[in-house]
Structure formats: C-alpha cells, structure tokens
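Enquirer: If you're matching positions, the sequence shown starts at 1 in the UniProt record's numbering and goes up one per residue.
If a hint is listed, it holds; no wrong ones were tucked in.
Calculated cross-link-like contacts (lysine-lysine; reagent style BS3-like; alpha-carbon spacing at most 25 Å):
hint: 1; residue 1: Lys7; residue 2: Lys198
hint: 2; residue 1: Lys89; residue 2: Lys20
hint: 3; residue 1: Lys21; residue 2: Lys89
Keep in mind the hints are simulated off the structure, nothing from the lab.
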Amino acid sequence: MGNSGSKINFRKAVVELTTKKSKVEEDAFWEELCASNINSAADIFSLITADDVRSLRDNSPSNLAALCYKTVDRITAACNSPSAISSTKVLNCIRLLTRVCPYLFEDSDWKCFFWSLPPAEENEQFPHQPLAYTLISALTDLLFCPEFTVSSLRNHPEGSDDLSAIDSCEYIWEAGVGFATKPPQVAEHDQRRTEILKLLLTCFSEVIYVSVSGEI
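Make the full structure from the sequences, and use the hints.
Expert: See below:
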C-alpha cells in the first residue's frame with residue numbers, strides 16, 4: 001500500500017511539473033520527484049510517459065530546464081559528499097535524466113541547451129562548464145565511489161568526501177593491470193554501475209534520437 005501511495009504521489013508531481021510553474025521553486029517538490037520509495041528505472045519509465053516529456057519540453061521549457069539543473073545538482077552534490085549519499089535518491093536522479101535526455105536530443109535547441117554554458121543564475125552550481133560536462137564528470141566519479149559502486153579498502157580511510165581526489169588503482173571493478181587482486185563482487189554495486197552506464201550511453205548516443213531531416 002505504501003509503495004502504491006508513493007507512486008501516486010510521484011505521478012502527481014510529474015503532472016504538476018508539466019502544468020505548473022510555481023512548484024519548481026519548492027524543495028519538497030523535488031524531494032518527491034527523487035523519492036526514495038521509487039525503487040526502479042521501470043517505475044520511472046512507467047510513471048513518466050513519452051508524451052509527458054514532450055509536453056514538458058514544448059509547453060513548460062523552464063520546468064524542464066529546472067528538472068535538468070536540479071537532478072544534475074543532486075548528482076554533483078553526491079560526488080562532493082559521498083559519505084552522505086542517499087543511494088536511491090541519487091539513482092532516481094540518474095533515472096530521471098535517462099528518461100528525459102532522449103527527448104532533449106530530438107530538438108536541436110534543447111541539444112544546444114545540454115551542451116552549452118548555464119545561464120548566469122545557475123553559474124554558482126555549474127561554474128563555467130556546460131551542463132553535460134558537469135554531469136558526465138560527476139557520473140564518471142560515481143562509477144568508482146567507495147560503498148556505492150566499489151568496495152571500500154581496509155587501508156584507506158572510509159567516508160572520503162572528495163571523489164575527484166581518490167587516486168588508487170585498487171578502486172576497480174575487476175583485477176587487471178596495476179592491481180591483480182580481484183575486488184569483492186557486490187550485486188548492488190553492479191546494479192548502480194549499470195544505471196550510471198545507461199545514462200552515459202544515452203548522453204553519448206544523441207545522434208540516434210535525431211530525425212533524419214534534423215540531422216542533415
């Protein structure tokens with residue numbers, strides 16, 4: 001029952017995102033969209049239809065931009081404070097972007113939005129970097145985040161709060177050149193890596209979402 005209620009609330013938030021402007025200023029609204037009770041990509045994809053995303057893109061562009069900024073901001077914050085990561089919420093941000101990005105790439109203006117510098121009001125969050133650059137850098141760091149996508153090391157302090165500063169060949173997925181010891185295999189880590197790789201693949205596959213007439 002609780003899970004059903006969470007899905008209903010999530011769906012209501014999606015409808016509000018496509019129809020109202022005031023909601024995007026409320027933190028509680030974004031918490032609902034990244035709800036920890038939505039536990040799978042299948043839920044995100046079933047509760048946000050293709051028509052929802054296209055309606056959001058064409059009729060409420062400011063809300064779609066806010067969705068992109070808010071989700072990327074939360075993913076970046078997770079990289080800056082990995083010891084405080086809320087796994088499900090971070091994954092839901094990743095899933096949301098995996099869902100909406102193909103519809104950004106359908107439209108040449110939105111494709112430019114994704115790869116352009118943010119407006120001045122967003123510069124504090126994403127200083128002098130295209131939104132896509134910030135996102136891809138954060139996702140790359142998360143692929144090797146202790147206790148999120150790789151296991152912590154006994155000889156390294158836990159709870160590191162600077163993923164970009166981690167410099168160890170031991171934080172790997174498989175044994176290989178530089179470190180021959182096979183790391184522990186954790187199913188949750190594999191699942192999270194897969195979610196991140198799906199979004200990276202989406203970001204790098206924009207050409208398949210563009211119509212033939214739009215490509216030439």
